[in-house]
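Undergrad: Using the sequences and the hints, build the whole thing.
From first to last, the protein sequence lines stand for chains A and X.
Going by the numbering used here, 148 is the number at position 148 of the first sequence; the sequence numbering is gapless.
Going by the numbering used here, 180 is the number at position 180 of the second sequence; the sequence numbering is gapless.
These are computed hints drawn from the structure, not numbers from a lab.
Beta carbons: idealized from backbone N, C-alpha and C, even for Gly.
It is possible that part of the hints are untrue.
What the hints assert, rightly or not - Cβ-to-Cβ under 10 Å is the rule here; a few derived chain A residues that face chain X:
| hint | residue |
| --- | --- |
| 1 | V127 |
| 2 | A130 |
| 3 | P136 |
| 4 | V137 |
| 5 | V142 |
| 6 | F229 |
| 7 | F232 |
| 8 | I252 |
| 9 | S259 |
| 10 | L266 |
| 11 | N274 |
To be verified - Only some residues are given here: those of chain A computed to face chain X with a beta carbon under 10 Å:
| hint | residue |
| --- | --- |
| 12 | V144 |
| 13 | R189 |
| 14 | L230 |
| 15 | I271 |
| 16 | L275 |
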Amino acid sequence: MSGTGTDTTGRRGTLTGLLGALRGSTTAWVGLALVAAHLLVALLAPLVAPHSPVENDPANALAGPGWAHWAGTDQYGRDVLSRVLHGGRYALMVSFGATVLAVALGTVIGCVVALRGGWLDNLVMRVMDAVLSIPPVLALLVVVTVLGAGPLVIVLAVSLVYTPAVTRVVRAAAQGVAPSDYVTAARVRGERTTSILFREVLPNIVDVVCVEFAMRASWVILLISSLSFLGFGANPPTPDWGLMVAENRTAITVVPMASLAPIIALATLVIGLNLAADGLSKAWGVDRVRKGRA
Amino acid sequence: MLSFVARRLFSALLTIALSSVLIFLALQALPGDVASQILGRDATPEAVATLREQLDLDQPAWQRYLEWVGGAVTGDLGTSLASGEPVAAEVGLHLRNTLLIAVVTILVAVTLSVVLGVLAGLYRDRWPDTLISGLSLVGMSVPEFVVATLLVLALSITVPVLPAVVLDGPSASIGELLPAVWLPAAALGVAMTAYIVRMARTSVIDVMAGEFVTTATLKGLGRWRVVTRHALPSALLPTLNVIAMNIAWLVGGVVVVENVFNYPGVGSLMLQAVHNRDLPMLQAIALISATVYVLCNLAADLGAMALNPKLRSREQVGLR
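TA: The following block contains the structure:
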């Protein structure tokens, strides 16, 4: 796991760094634009959707694309386009919450163990390895069995599942920063760990953390959609892409759009996140490819 | 060298032990009385009492944990709450079926992706690379249930050559299951291929920029020789690691894909166990997956060490 967050080139600072990377990379730009478009649609869905996403209309069930329903209707006569426009809201909300939590937790833990080292580092990484060894879908299914599939449970469970992987990456990056002169200087000045963490280490690994965020977000969305597909996420009749594919899969020969539209929506969102992660990591020189999908 | 292997073995065992504790704790965290939680609100007191006895709930948790682990080590994983059969036999049968998919997936994905990855690396930034890299980006951006759905649409409905749903039970013979293996394996293989292609491409680009490749070319070695002697091995080595790292995710993918195709493997068994709140079964499957993951990573580490002399000597230096 080589997070090369130490090749400081002067342009640090989160926002300037991000803007600089964007200017240099079409890939990152396209990726972030795709994600932004999805966020915008999710926000504005109630305003722009032509129909209610949950209103049944049995008379018009399983209709093909037409003027009244641009993408047709599903088996209950619900408007597919409206459902697709609304369908990202659950996944985006839950995924965003879980990713923010996982990346924040992983960053703090990773930095602290990298700075402290010793037995604490050993102990924490042992536990993290143990969590990593339990496959995410499996861990989530266990949690859902025990605590139910409420959104809060899913957010907490997903963030716990992904924290170890983030911790590993951030720890590696922070270990690259920890021996540098300014950290030593801060230590000699007698600054506290929290202050060293936020003022010396964190600003220097912001790039690693950003790439990590985009990458984790793409996996979390895939995981959450898969859970919805399996029936452990959004509850019917809530419009959700994963759930929509599960509902309309059997009718795919009759109304292919009802399955294909949510698939396209989900794919473009994740492709956007992956492009952003690729572009940013390339612009910043963070090695992304050599990471498995844990 | 030997002490490195021993240390690595010990740490693998420790990780498995720790994850068994985590799994046990997670499943014991059912709020309230476990027995009445499993049976639901309408359960009769007698049924709850029977289940309590069956699960040994009157004993303290640590004692139950030790009994569970002790049993697991000797191959006794408890009794399924749903079927009343021994968990080990049932999981074993389903595990065989899932292994069938896994082996096909890994073989196909690795072969395909190493070829594509080397191609992309050799034709860096030209159209074969653009095409392969673009496809692998899409491949890693669509979840298994989407790939599975599209595959069914293409190969079971439009051109009906492969079965969309498996009708065989878990005890069907391998020969009977074989026609049903291809679509699930393909659905799983897409994302895995995408990841390995990216890895292999980067390794090839790194290697081809290396000095020994320039030397080999200057020495008059043909391009084909350079590729087979230098590019291919370097692309193969890191894939070991990716496969090991992807095992955890493969298990998750298996749950989804087996659900789509109704394939009688561990994934389907796991979903059944979730619906039935069959704790012994869930515990067993989680423990087995964790063990498989740790062992695969162990194998990948040791394999990489055996194949890469540089790594071997560095470890020796590090140990002195």
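Undergrad: For each hint given before, does the structure comply? Return the numbers of the non-compliant ones in rising order.
TA: 13
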